[in-house]
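> Make a model of the complete structure from these sequences and hints.
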Amino acid sequence: MISAPLEPTRAFGLPRLNEPAPPFEAVTTHGVIKLSDFAGSWLILFSHPADFTPVCTTEFVAFTEIAPKLREKNVELLGLSIDSVYSHLAWARNIREKLDVEIPFPIIADLDRAVATAYGMIMPGESKTETSRCVFIIDPKAIVRAMIYYPLTTGRNMQEILRLVDALQTADAYQVATPANWEPGKKVIIPAPKTSDELEQRVEAGFECADWYLCHKTIDGAAAAAAAPIHTPATAMAVK
Amino acid sequence: MPCVNADGTLTPVAERVLRSMHAPGATRTPDEVAREAAVPLYRARASLRELDSAGFVALDGSAYRLTPAGAAKLDAPVPAGR
Chain C
1 MISAPLEPTR AFGLPRLNEP APPFEAVTTH GVIKLSDFAG SWLILFSHPA DFTPVCTTEF
61 VAFTEIAPKL REKNVELLGL SIDSVYSHLA WARNIREKLD VEIPFPIIAD LDRAVATAYG
121 MIMPGESKTE TSRCVFIIDP KAIVRAMIYY PLTTGRNMQE ILRLVDALQT ADAYQVATPA
181 NWEPGKKVII PAPKTSDELE QRVEAGFECA DWYLCHKTID GAAAAAAAPI HTPATAMAVK
Chain H
241 MPCVNADGTL TPVAERVLRS MHAPGATRTP DEVAREAAVP LYRARASLRE LDSAGFVALD
301 GSAYRLTPAG AAKLDAPVPA GR
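Chains C and H supply the protein sequences, listed in that same order. My numbering numbers the first residue of the first sequence as 1 and each following residue consecutively. My numbering numbers the first residue of the second sequence as 241 and each following residue consecutively.
No lab work stands behind these hints: they were computed from the structure. Some hints could be false.
One side only, chain C facing chain H, incomplete, derived with CB under 8 Å [unchecked claim]:
no.: 1; residue: His30
no.: 2; residue: Gly31
no.: 3; residue: Val32
no.: 4; residue: Ile33
no.: 5; residue: Asp37
no.: 6; residue: Phe38
no.: 7; residue: Gly40
no.: 8; residue: Glu76
no.: 9; residue: Asn157
The C-beta atom is built at its ideal place from N, Cα and C for all residues, glycine as well.
Okay, structure coming up:
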């Protein structure tokens, strides 16, 4: 018996946190767009499996609902799937007709999978022909700051995406970290001291500390959200 | 050409962007165009790039200026000082 040759393994790279986002130039429903067009803005690049599918439709409606809040935070949305621009346009039109929702953001028609491959959006174990539900939060300097991957079966949580954006912008603006289940207005965490001097300063500063390494403080959440933070790798690395 | 419809007219966003260029002064940066045309900055950058390819604006350093072809497309004279 002669076995068929094994299909060569195709490498699907994944972006890494705090490294430059893979650049792209892509056909979208708003014309040709480059990653560099978003310089100075935060960007949420997200993929969906396919147009005219039920979970994706609910997600597009939900992304549209949070788009105004994101715009206030200097965040743009950019969708993607391995469908043609004509399919995207027809689907967006269908959503407008059936659900009375106007999709305000561009959608990449990634027919050659160039962007999907660069961002590791295809999970061959799940589907070789569709992108998973990926979310990349990219900062104004085109650095990947957060990634979320959901399976085909599970629609994304928009409140978590908003919360993540708020947390990143707050961390940048105030050089703090955010604890589990943090939401704007709640106390933030002060990075652990790295020297004895810092430790002494912390004790004298009067923060709310459970111990020397776990200290909280209150900040103005509204001001944090309104800030236009610029990413500094040093800040990101110092807060753990 | 995404900024131009099949009938040769400008798309609505392209027309807004191009009209924002039609004002006295030397050039307009993408930030200025975004503000004046009330479009997101990424869209201003993408539209200006397309309008540049179509010959309706020209890149001048880090800013753009309206070309005679762009002015003609708007059926308007080229602003003075260009």
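> Taking the hints in turn, state whether each one holds.
The hints, checked one at a time:
Look at His30/C: its Cβ gets to within about 6 Å of chain H, closer than 8 Å, so that hint holds up. Given hint, Gly31/C at the interface with chain H, holds; its Cβ is 4 Å from that chain's nearest Cβ, closer than 8 Å. Checking Val32/C against chain H by beta carbon gives a least distance of about 7 Å; that is within 8 Å, so the hint holds. Because the smallest distance between the Cβ of Ile33/C and any Cβ of chain H comes to about 5 Å, under 8 Å, the interface hint for this residue holds.
Annotation: interface hint on Asp37/C holds; nearest CB of chain H at approximately 4 Å, less than 8 Å. Because the closest C-beta pair between Phe38/C and chain H is about 5 Å apart, less than 8 Å, the hint holds. At its closest, the beta carbon of Gly40/C sits 6 Å from a beta carbon of chain H; the interface hint therefore holds under the 8 Å criterion. Proximity of Glu76/C to chain H holds as hinted, the smallest CB-CB distance being about 6 Å (cut-off 8 Å).
Annotation: Asn157/C was flagged as interfacial toward chain H, and the flag is violated, the nearest CB pair being 25 Å apart, outside 8 Å.
Violated hints amount to a single one, hint 9; each of the other numbered hints is respected by the structure.
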